[in-house]
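So you can see what is in the structure, the chains are spelled out below.
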Amino acid sequence: MLNFFSPALLLLLQEETSRFAQMKQAAFNPDLSKFLVIGALLFIIGVAGVLTRRNIIVIFMSIELILNAANLNFIAFSRYLTETGSPNALAGQIFSVFVIVVAAAEAAIGLGIVIALYRNKETIWVDEIDLLKW
Amino acid sequence: MTLSGYEALFFWIFALAAIFAGLLTVMARNAVHSALFLISSLVSVAALFVLARAEFIAGVQILVYVGGVMVLFLFVIMLVNVGAEERGTEQIFNKSRQVTTSLIFCLLLAGALLFAVNRGYVGLQRLRPIPETTGEQRAARDAVHAIGGTGSSRITKDAEGLGNSLYRYASLPFEIASVLLLVAIIGSVMLARTLRQEASADDVDPDTLKVEAVNDPELAKLEPRSE
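Sequence order for the protein chains is A and B. At position 127 of the first sequence the residue is numbered 117 (my numbering), and the sequence of numbers has no breaks. Each number in my numbering corresponds to the 1-based position in the second sequence with 74 added.
Calculated directly from the structure, the hints in this document are not laboratory data. Just so we're clear, the structure is a prediction, and the values are computed from it rather than from any experiment. Glycine included, each C-beta is placed from N, C-alpha and C at the ideal position. Hints may be right or wrong, so weigh each one.
Stretch-level coverage of chain B by chain A, calculated; a stretch enters the list once three of its residues show a Cβ under 8 Å from a Cβ in chain A [said to hold, decoys possible]:
(1) 138 to 147
(2) 191 to 197
Below, computed lysine-lysine pairings styled on BS3-like, alpha-carbon distance capped at 25 Å [unchecked claim]:
(3) K123/A <-> K169/B
(4) K111/A <-> K169/B
(5) K284/B <-> K111/A
(6) K111/A <-> K123/A
Bound conformation, chain A alone (with noise of 0.2 Å):
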């Protein structure tokens, strides 16, 4: 009786398992979506840290974090767009350039408030930092 179903029950379960393999192929190898989902992960990590930390230096650091997922999203879109054959691909790549010329000018300015802020204040937390505060 087994050997009278077998065939079939043989052939469906190759079937099931190509599927499978296929479904496990889909899952682990990364296309754009993937790295986009890395890219809002990391987003999200510097939104905490901007929110909830007390240390101003921190802060800064999160920032960069941020512009950093942004900068892994334009190269994603800039990669696809290449496989899709568009002409101006490379503009993900371009833009990514001044995001990273606008991080540094960010952080030697930012920097620069944190020293003069700690030579009047004596303080790094940010919430006692409260000259604006009613």
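Following the hints, complete the assembly by docking chain B onto the known chain A.
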């Protein structure tokens, strides 16, 4: 743009490394540890750039971020840090109500972003589908590039193409970016000067100088160069 084989494996390794290092950046008690974890996160993201065939941006990322910005961060931490964090007496997060609210906000943001990525990716695939390529076509496309030094890989023309389009289509923004960097340099030097340095360059209001000189005897010794 599906990565496969070793590329997929390395993608997951570096993606997990970037996210864990990012989390540790936000959660580390010592600001120096935060900076070091941020460096490892940035290096992992640079590796992801390499996997996305953006070698030039990966190099710029390591040179500018890890070499420039993070060294600046470490300097400022050492100038400013009072050492209270390491002793563990200070609270590193905001008040717990603020933290709870912002974490709820972040979870909502995460849900919205993941939903948007999933829906948007399906739409993008329909709008701009990637044409099917066979392995031979891909090999023929890669055969144009020169063979790298190890002989097992090929050098892409990423940097060449990027330089071409940067100067051809974005030369005005490029110049504006250099002016922005100049302004940033001058601005941070101006911001970080002490009152004594400002006084020695004769850059302070004489009345302010008189008031401050009462507190700081060093300032009184400085002769104003002009009246």
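(request) Tell me, in ascending order, the numbers of any earlier hints that this structure violates. (result) Failing hints: none at all.
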